[in-house]
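*Asks:* Residues per chain are reported as follows:
Number of protein chains: 2
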Amino acid sequence: MVNLGDQLPNFKANTTQGNIEFHSWLNGKWGILFSHPDDYTPVCTTELGRAAKLAPEFEKRGVKLIGLSCNSASSHSGWIKDIEAYSSLSGQFPFPIIADEKRELAVQLGMLDPDEKDSAGLPLTCRAVFIVDQNAKLKLSLLYPATTGRNFDEILRVVDSLKLTVEKKVATPVDWKAGDKCMVIPSVKAEDIPKLFPKGVEIANVPSGKQYIRLTPQP
Amino acid sequence: MVNLGDQLPNFKANTTQGNIEFHSWLNGKWGILFSHPDDYTPVCTTELGRAAKLAPEFEKRGVKLIGLSCNSASSHSGWIKDIEAYSSLSGQFPFPIIADEKRELAVQLGMLDPDEKDSAGLPLTCRAVFIVDQNAKLKLSLLYPATTGRNFDEILRVVDSLKLTVEKKVATPVDWKAGDKCMVIPSVKAEDIPKLFPKGVEIANVPSGKQYIRLTPQP
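Residue numbers (full-length UniProt numbering), protein chains in the order written: chain A, 1 to 219; chain B, 1 to 219.
Think of the hints as simulated: they come from the structure by calculation, not from any bench.
Don't be surprised by glycine CBs; every beta carbon is placed ideally from N, CA and C.
Check the hints yourself; a few may be wrong.
Away from chain A, derived, C-beta distances all over 12 Å, residues of chain B [claimed, not checked]:
| id | residue |
| --- | --- |
| 1 | 27 |
| 2 | 73 |
| 3 | 78 |
| 4 | 179 |
| 5 | 200 |
Label pairs and their in silico Cβ distance ranges [as the list claims (entries may be wrong)]:
| id | chain 1 | residue 1 | chain 2 | residue 2 | range |
| --- | --- | --- | --- | --- | --- |
| 6 | A | 3 | B | 180 | 31 to 37 Å |
| 7 | B | 17 | A | 200 | 24 to 30 Å |
| 8 | A | 103 | B | 135 | 22 to 28 Å |
| 9 | A | 19 | B | 192 | 38 to 44 Å |
| 10 | B | 211 | A | 180 | 42 to 48 Å |
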């Protein structure tokens with residue numbers, strides 16, 4: 001399993017777009033490695049269709065997508081035709097899908113869902129999402145079971161938040177959406193605020209009298 | 001760390017509502033154990049306020065909430081006054097917060113964010129969310145870093161999906177919201193559909209000709 005801050009290994013994999021080494025594949029960009037339980041299954045078809053539709057949004061944010069399941073590359077390629085038809089996609093399918101037929105990556109990265117088994121009784125992959133930075137370091141993870149399709153708006157939302165934190169010294173509050181007010185991170189000293197946040201900072205009054213809730217327009 | 005399907009241990013903990021043993025505390029219900037990095041910090045204040053406001057929604061769904069950070073119970077209790085003031089809450093704060101001062105649970109359950117350290121240089125807890133069933137078995141997990149506040153609408157959405165799967169034989173597609181169409185899970189045989197799904201099932205036509213995309217109104 002991988003925890004926040006861990007670097008994902010530089011694994012080699014066969015994909016629908018040929019062989020890759022993970023770190024070289026990232027090529028200095030952020031990445032989202034996301035697994036699905038099985039090709040030719042309903043929820044996965046809706047998810048990969050939505051991911052493909054949103055591919056330009058991820059690209060705009062400098063984030064590469066790569067799927068994974070324990071099926072073969074030829075199974076993936078056949079299934080992609082169904083995804084394209086069901087989600088009315090056109091053009092080339094925008095991201096590779098890893099063929100982890102021997103479950104090596106699924107086991108190594110802790111992506112299995114013991115409640116979901118294939119016809120041979122082997123566990124399938126869950127709906128994992130690993131968002132990594134350009135050094136393949138894990139920034140955020142989701143593990144959803146086979147029966148709960150993910151929310152790609154939420155995945156875009158957290159990408160926006162993660163990128164903001166890297167580029168500006170802000171964090172994002174609960175339920176934040178792009179454009180909402182952000183929060184100055186605790187390590188920023190009061191004296192550095194005017195220079196760092198020229199749009200102004202508003203400090204909330206709370207019973208403790210501590211001045212830690214510092215809101216600022218999204219930088 | 002805990003993976004999907006693992007049972008969370010029956011840990012003992014000191015909380016803002018006294019000592020608990022986790023399994024007895026669940027008391028036959030589902031639970032959400034969620035950690036935050038630190039008391040008296042901005043994003044956490046917005047999150048716990050929102051969680052408190054949504055407490056009746058979680059209760060309606062038979063799901064108990066319990067927070068956790070590496071602060072003392074008295075720190076939590078002082079900070080709760082700030083949360084209540086900032087989020088305009090009234091009445092008793094609706095859920096306990098675990099005081100994991102020695103970081104024992106945070107380490108055992110893999111809740112640490114190595115990028116966030118306290119003044120002594122020790123790592124703080126990340127924003128973990130562990131949704132467990134009545135047997136403390138992990139159904140879904142999120143690990144968000146300190147700088148990205150969670151989305152409690154998404155947490156409610158996945159609770160609704162998880163509960164639907166347990167009670168009816170459906171899964172939920174990408175971006176599903178309560179009331180949207182659901183998907184018949186692959187293990188349901190065609191001959192059992194009329195009895196199980198009296199509202200009807202619509203099968204999507206896809207190039208493979210396989211009949212696996214089976215939509216039905218939410219049962």
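*Asks:* Would you mind marking each hint as holding or not holding in the structure?
*Replies:* Going through the hints against the structure:
1. 27: holds, 23 Å
2. 73: The assertion about residue 73 of chain B holds, with a minimum of 16 Å to chain A.
3. 78: At about 6 Å from chain A, residue 78 of chain B fails to clear the 12 Å cut-off, so the statement is violated.
4. 179: holds, 15 Å
5. 200: With a cut-off of 12 Å, residue 200 of chain B remains clear of chain A, as the shortest Cβ separation is near 16 Å.
6. A:3 with B:180: 31 to 37 Å: holds, 33 Å
7. B:17 with A:200: 24 to 30 Å: For residue 17 of chain B and residue 200 of chain A the Cβ distance comes to about 39 Å; the hint is violated.
8. A:103 with B:135: 22 to 28 Å: holds, 26 Å
9. A:19 with B:192: 38 to 44 Å: holds, 42 Å
10. B:211 with A:180: 42 to 48 Å: Given a distance of about 44 Å, which is inside 42 to 48 Å, the answer is holds.
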